[in-house]
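Engineer: Chains as they are written, first to last, in the numbering used here: chain A, 1 to 137; chain B, 1 to 669.
Calculated directly from the structure, the hints in this document are not laboratory data.
Straight line, CA to CA, 27 Å or less: simulated DSS-like cross-link-like pairs of lysine-lysine: (1) A/64 x A/80; (2) B/378 x A/28; (3) A/87 x B/526; (4) B/335 x B/414; (5) A/51 x A/65; (6) A/7 x B/267; (7) A/64 x B/551.
Note that the structure is predicted; figures quoted are calculated from it, not measured.
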Amino acid sequence: MLRGRIKFIIAIAVIVVTLSYLVYGGVKEAKVYYLTVGELKEGVPSVYKDKVRVSGTVVPGSIKKDLDGSLEFKITDGEKTLDVHYKGIIPDIFKDEVEAVVEGVYTPENVFQASVLLAKCPTKYESLDRLEKGENI
Amino acid sequence: MVETGVISVFLSFIISVYILIASLAGGKTGRRELIKSAENGAVALFFLLTLACISLINALLTRDFSLKYVALNSSRDLSTIYTVTALWAGQAGSLLLWSWILSIYMALVVVLNRERNRGLMPFVLGVLAAVSCFFTYLIGFVESPFERLPFVPADGNGLNPILQNPYMAIHPVTLYIGYVGITVPFAFALGALISGRLGDEWIRISRAWTIFCWTFLSLGLLLGARWAYLELGWGGYWAWDPVENAAFMPWLVATAFLHSVMIQEKKGMLKKWNMALVILTFFLAIFGTFITRSGIISSVHSFAQSDIGPYFLAFIGVILLFSFGMFILRLDDLKSEDHFDSILSRESAFLFNNLIFLGAAFSVFLGTIFPILTEAIKGEKILVGPPYFNRVNVPMGLILILLMGVGPLISWRKASRQNLTRNFLYPTIFGLLTGIVLFILGIREIVALVSFGLCAFVSATVFTEFFRGVRVRSSRGENYMIALYRLISRNRRRYGGYIVHLGVVLIVIGITASSAFVTQKEATLKRGETLSIGKYTMRFDQLRRYSTPAKDGTAATLTVFNREKEIGSMVPEKNLYKYEGNREINQETEVALRSTFKDDLYVILTGVDDTGAANFRVLINPMVSWIWAGGVVLLLGAIVTMWPAGVERRAEAGARYSVGVSKDTIVKA
Numbered sequence: 001m002l003r004g005r006i007k008f009i010i011a012i013a014v015i016v017v018t019l020s021y022l023v024y025g026g027v028k029e030a031k032v033y034y035l036t037v038g039e040l041k042e043g044v045p046s047v048y049k050d051k052v053r054v055s056g057t058v059v060p061g062s063i064k065k066d067l068d069g070s071l072e073f074k075i076t077d078g079e080k081t082l083d084v085h086y087k088g089i090i091p092d093i094f095k096d097e098v099e100a101v102v103e104g105v106y107t108p109e110n111v112f113q114a115s116v117l118l119a120k121c122p123t124k125y126e127s128l129d130r131l132e133k134g135e136n137i
Numbered sequence: 001m002v003e004t005g006v007i008s009v010f011l012s013f014i015i016s017v018y019i020l021i022a023s024l025a026g027g028k029t030g031r032r033e034l035i036k037s038a039e040n041g042a043v044a045l046f047f048l049l050t051l052a053c054i055s056l057i058n059a060l061l062t063r064d065f066s067l068k069y070v071a072l073n074s075s076r077d078l079s080t081i082y083t084v085t086a087l088w089a090g091q092a093g094s095l096l097l098w099s100w101i102l103s104i105y106m107a108l109v110v111v112l113n114r115e116r117n118r119g120l121m122p123f124v125l126g127v128l129a130a131v132s133c134f135f136t137y138l139i140g141f142v143e144s145p146f147e148r149l150p151f152v153p154a155d156g157n158g159l160n161p162i163l164q165n166p167y168m169a170i171h172p173v174t175l176y177i178g179y180v181g182i183t184v185p186f187a188f189a190l191g192a193l194i195s196g197r198l199g200d201e202w203i204r205i206s207r208a209w210t211i212f213c214w215t216f217l218s219l220g221l222l223l224g225a226r227w228a229y230l231e232l233g234w235g236g237y238w239a240w241d242p243v244e245n246a247a248f249m250p251w252l253v254a255t256a257f258l259h260s261v262m263i264q265e266k267k268g269m270l271k272k273w274n275m276a277l278v279i280l281t282f283f284l285a286i287f288g289t290f291i292t293r294s295g296i297i298s299s300v301h302s303f304a305q306s307d308i309g310p311y312f313l314a315f316i317g318v319i320l321l322f323s324f325g326m327f328i329l330r331l332d333d334l335k336s337e338d339h340f341d342s343i344l345s346r347e348s349a350f351l352f353n354n355l356i357f358l359g360a361a362f363s364v365f366l367g368t369i370f371p372i373l374t375e376a377i378k379g380e381k382i383l384v385g386p387p388y389f390n391r392v393n394v395p396m397g398l399i400l401i402l403l404m405g406v407g408p409l410i411s412w413r414k415a416s417r418q419n420l421t422r423n424f425l426y427p428t429i430f431g432l433l434t435g436i437v438l439f440i441l442g443i444r445e446i447v448a449l450v451s452f453g454l455c456a457f458v459s460a461t462v463f464t465e466f467f468r469g470v471r472v473r474s475s476r477g478e479n480y481m482i483a484l485y486r487l488i489s490r491n492r493r494r495y496g497g498y499i500v501h502l503g504v505v506l507i508v509i510g511i512t513a514s515s516a517f518v519t520q521k522e523a524t525l526k527r528g529e530t531l532s533i534g535k536y537t538m539r540f541d542q543l544r545r546y547s548t549p550a551k552d553g554t555a556a557t558l559t560v561f562n563r564e565k566e567i568g569s570m571v572p573e574k575n576l577y578k579y580e581g582n583r584e585i586n587q588e589t590e591v592a593l594r595s596t597f598k599d600d601l602y603v604i605l606t607g608v609d610d611t612g613a614a615n616f617r618v619l620i621n622p623m624v625s626w627i628w629a630g631g632v633v634l635l636l637g638a639i640v641t642m643w644p645a646g647v648e649r650r651a652e653a654g655a656r657y658s659v660g661v662s663k664d665t666i667v668k669a
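Sequences and hints are given; from them, build the entire structure.
Structural biologist: Laid out in structure tokens, this is it:
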């Protein structure tokens with residue numbers, strides 16, 4: 001009986017330890033700091049090597065698209081702006097003034113090399129504004 | 001009609017409160033007429049919320065843009081079908097859908113239990129009503145789908161084009177049927193705790209309802225994955241997005257419950273554990289609704305932020321406090337009737353299965369709320385991406401597949417060497433051989449080899465079971481097909497479960513192959529130029545621009561060759577929605593897909609320029625179709641499991657069902 005119970009305790013402990021190890025290692029490997037443009041600029045120069053995720057609004061007129069999917073644009077938090085280079089799939093909703101989320105590395109040349117680009121729908125309150133404007137015109 | 005909706009929602013809240021009070025009071029005092037009246041209230045609630053849904057659909061169909069919800073989620077040019085599905089495109093509408101589906105369940109529970117489970121019912125209904133109070137309060141007073149705008153826009157925003165997809169029309173409803181349905185087993189669990197009737201009554205009903213919800217959750221997850229695959233145009237089907245995780249977590253815990261419940265039915269063990277699992281599943285379903293609907297975690301789904309967050313947090317707090325409070329109060333009544341004998345036994349296999357499902361759910365939970373946690377603790381927002389989830393869940397998944405093969409065939413109490421050899425020798429050899437053959441064929445991905453080997457092992461154990469059952473029956477003179485049919489229909493739960501397992505195996509094979517062996521290529525082509533990937537060659541023939549009232553489309557036609565042989569043409573598109581309104585999403589990528597069980601050829605038109613050159617991204621995703629096929633098999637198995645007993649058996653069912661389900665289907669195992 002006791003021997004049986006010890007076996008169970010060992011087995012459960014193995015599961016728990018394995019899981020903790022996987023979680024710990026996973027977090028270490030995959031963690032990404034989530035910053036605003038301002039926070040990123042404040043973090044210079046220590047932020048240069050880290051993998052970070054930055055969000056900001058796409059500056060109107062700053063998008064330069066190449067046929068092969070490479071992209072240059074600027075995002076802003078209202079005060080500071082950030083130059084972003086990206087190559088890959090461009091989300092359908094990506095355009096001027098959407099909130100973009102980029103993940104990648106900030107290089108000492110002060111260009112953000114993004115490997116991931118996400119775009120978020122603006123909040124509905126802006127949408128309502130526009131509805132109202134549409135009515136006034 | 002709008003007033004009808006407003007009044008219906010308001011009355012729904014009042015009636016929910018009434019049901020809550022009347023049924024709890026009735027249960028406490030034993031006054032039949034109070035309980036009866038509460039039950040009639042549940043039916044009334046269903047009619048009222050149905051009326052509210054009809055009102056909103058009517059407002060959508062008649063383009064009543066004075067309603068904020070209609071203005072934000074539809075437009076004049078929207079087709080009828082998507083005008084109806086706009087019912088659940090936005091926040092207020094999906095909360096109404098939540099309440100409505102819950103009311104369907106409440107009415108069903110009442111009707112199905114008119115004669116049965118009378119001791120439990122008042123408390124079960126009380127719990128259901130409490131949940132209904134919360135949701136009807138939200139749609140009545142916080143996020144009303146019938147809120148008016150201070151002005152009437154000429155036209156609405158229109159539905160987000162990526163939601164204009166058949167899968168998007170059915171995926172949310174499927175998921176919601178599962179999600180909301182989890183309230184029912186939770187209500188029975190809590191009803192048992194409140195009433196103190198902790199026998200096998202609640203566990204039997206909770207199990208049946210959980211299978212139903214679990215099936216819909218599984219299908220909802222798969223349909224969502226398929227939608228993402230076809231519509232989002234990035235070539236994959238799962239991204240560990242918070243919203244996906246929100247549906248995945250309750251699925252994991254519900255799966256754990258469906259397995260451990262058998263231990264309680266069969267041996268009277270794990271009672272506390274099962275109770276905790278049901279509560280946890282419901283908590284995760286509400287938590288999932290909360291994170292998808294409150295915008296607290298940034299996600300690509302990114303539903304609008306709103307004021308409902310604090311309400312949800314308060315509600316979650318109340319649920320946890322009350323449920324676990326009652327749980328602790330009744331701890332003494334939840335004692336096990338038996339104990340674990342050996343680590344090599346079916347009980348232990350199920351116990352480990354549960355620990356791992358729960359561990360996986362915990363790790364997904366942790367990864368999902370990681371940004372909130374780190375912000376609260378360290379003041380910096382840190383998130384963990386897909387590598388975290390894969391690193392934790394892939395090994396967990398592999399162990400679960402192993403247990404899926406072991407669990408059903410290992411003996412209860414203590415497995416003897418004889419039992420192990422008899423059941424596992426050939427499947428193990430088969431699994432190992434599969435691994436070795438694949439290695440010789442050139443597969444070097446260790447995870448894929450292990451996964452395929454385990455899948456072969458599980459399939460072999462399942463086929464052995466079917467084979468043995470059929471052989472025994474046919475030795476009594478039955479023809480093979482009849483023997484197979486009777487084998488399954490006389491033991492629906494057991495063989496239905498095996499079929500579900502086979503479905504899962506197919507899904508795992510599809511996931512393994514498509515995540516380990518994807519090839520992709522990108523190229524800019526002028527007309528007449530070709531691109532080769534794997535054994536396929538594609539020739540870019542023409543670019544066609546066209547216009548419809550809704551959009552300007554650009555379609556590229558590619559002729560596809562498999563080695564030398566022409567196998568057809570593919571037409572990926574990139575569309576620009578003209579009529580923008582304020583639809584922020586005005587572009588849409590329409591991928592072209594050529595799907596076989598061997599691989600999917602997936603072509604995305606990423607860009608075109610003025611000279612007529614076009615940029616393509618092409619992926620070969622092996623065996624993705626296996627995932628969808630697995631879904632069909634899983635559904636089939638679930639239906640077998642849930643199929644009601646035949647007429648000849650129904651007569652005896654009443655008496656036998658409570659003790660007999662386990663006797664009939666598990667004892668043999």
